[in-house]
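Residue numbers (my numbering), protein chains in the order written: chain W, 1 to 121; chain C, 1 to 121; chain Z, 1 to 121; chain G, 1 to 121.
Don't take each hint at face value.
Repeated chains share a single entry, so a pair holds when one copy, or any two copies, can fit it.
[Claimed, not checked] Below, computed lysine to aspartate or glutamate pairings styled on EDC-like, alpha-carbon distance capped at 16 angstroms: (1) K64 <-> E102; (2) K85 <-> D7; (3) K97 <-> D26; (4) K97 <-> E67; (5) K109 <-> E67; (6) K109 <-> D63; (7) K85 <-> E44; (8) K85 <-> D26; (9) K85 <-> E102; (10) K97 <-> E55; (11) K64 <-> D7; (12) K85 <-> E18; (13) K97 <-> E47; (14) K109 <-> E44; (15) K97 <-> D24; (16) K109 <-> E22; (17) K109 <-> D74; (18) K97 <-> E18; (19) K64 <-> E10; (20) K97 <-> D7.
Because the hints were derived from the structure by calculation, they are not lab data. Quantities reported herein were computed from a predicted structural model and do not represent experimental measurements.
These are the residues of each chain, in order.
There are 4 protein chains.
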Amino acid sequence: MSAAAQDSLEALRARLAEFARERDWDQFHSPKNLAMALIAEAAELVEHFQWLTQEQSRALPPDKHREVAMELADIQIYLIRLADKLGVDLITAANTKIALNEQRYPAAKVRGDARRAEEYE
Amino acid sequence: MSAAAQDSLEALRARLAEFARERDWDQFHSPKNLAMALIAEAAELVEHFQWLTQEQSRALPPDKHREVAMELADIQIYLIRLADKLGVDLITAANTKIALNEQRYPAAKVRGDARRAEEYE
Amino acid sequence: MSAAAQDSLEALRARLAEFARERDWDQFHSPKNLAMALIAEAAELVEHFQWLTQEQSRALPPDKHREVAMELADIQIYLIRLADKLGVDLITAANTKIALNEQRYPAAKVRGDARRAEEYE
Amino acid sequence: MSAAAQDSLEALRARLAEFARERDWDQFHSPKNLAMALIAEAAELVEHFQWLTQEQSRALPPDKHREVAMELADIQIYLIRLADKLGVDLITAANTKIALNEQRYPAAKVRGDARRAEEYE
């Protein structure tokens, strides 16, 4: 993660790299494997919501909220590891993508409409 | 995202909240729906790697690398939106989870061994 | 797939094995890779539903219904390939799992309640 | 599932419909929710393979093989439920999709090459 050595994501990246190095886990952390680990964590998140109504998903009881927060953490952790292994700066990439989305979905055109991207094209 | 108003993740959070507000998309952004969107993006990431060897996944050609970086961006974007909707600070949550992992996987015990968590318990 | 040579799943298994052999794709079809391909297809399914209400998901317009049917087909295809590579009989495995679920979730106890499995235990 | 009342998939479909009815779970089984449940099961499958080499994934020890077989069962179960709710015949859909794939990927053109579909187009 390039510029922001003072940044909180950069601090996490360094902490996670050290965590893996101490355990000799870099050998397992190919981008292919990390992508699998990331989606497995994303699915644990989905599992929390699968039988809930949308309303219920907006008002989680405290114990479930804590569990969901830890799933978000797991996803963030693997995302940082994967970005680190690939040399991608997550903040830069996200800003690039948001700029693309601003062009693809002009507010005046898509207001209140969530159809999938390709349906606009 | 609590403390760090100067932080790059917080800047992204604010930019994404504004993006959704301008498009009147908050109505679609229940945690349930955002969890689905997040895993759909995670799967697009997985799709890039599914037929690659681990070695190939470590050395992506430039065009594929750019595409993968945009998938990482999509995941980061939905993760930030979801955390925002749930009032979760991603940095705090990730640090909490890493501290848990440090206890669960003492370096001396798990060095070089990537068995799944529950298999240690 | 053991017994039922006359069975429709068995016919699909044989057709897919032939499809892969003709293309020399068995080299890519490790269980690891097929699991990735399967979840990527599952995510394409999820993507169709992510912004829909539950009601909308029950009443898809015809063109979307056709697309969703093809996603179900893709999942079934990779599931058959994976079972074939692992020597698993899907019908037998599903019946075994349903019998387990009948014990885990006695109708009298769980009627109208969809909490996750572990919350009963 | 249309024609094949004698078929093993049809028998599973009927058994699962009865299972849900006895528990009053149809209310939770919207296509949207079932798609989430299916991908959560697919991710449990992925989790078994995420740190394995491709070779290891081809030679699972017996206990892991049994667990993986039960994950395949879970995916098949939710796939059948979803197809049932949407009125899709899985066998017909799979045969339709395979016929499409035979056109999209002529053996003479793609032999030994697993590039993603869109890269051919």
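Violations among the numbered hints: Those not satisfied are hints 1, 2, 3, 5, 6, 7, 9, 10, 11, 13, 14, 15, 17, 19, 20.
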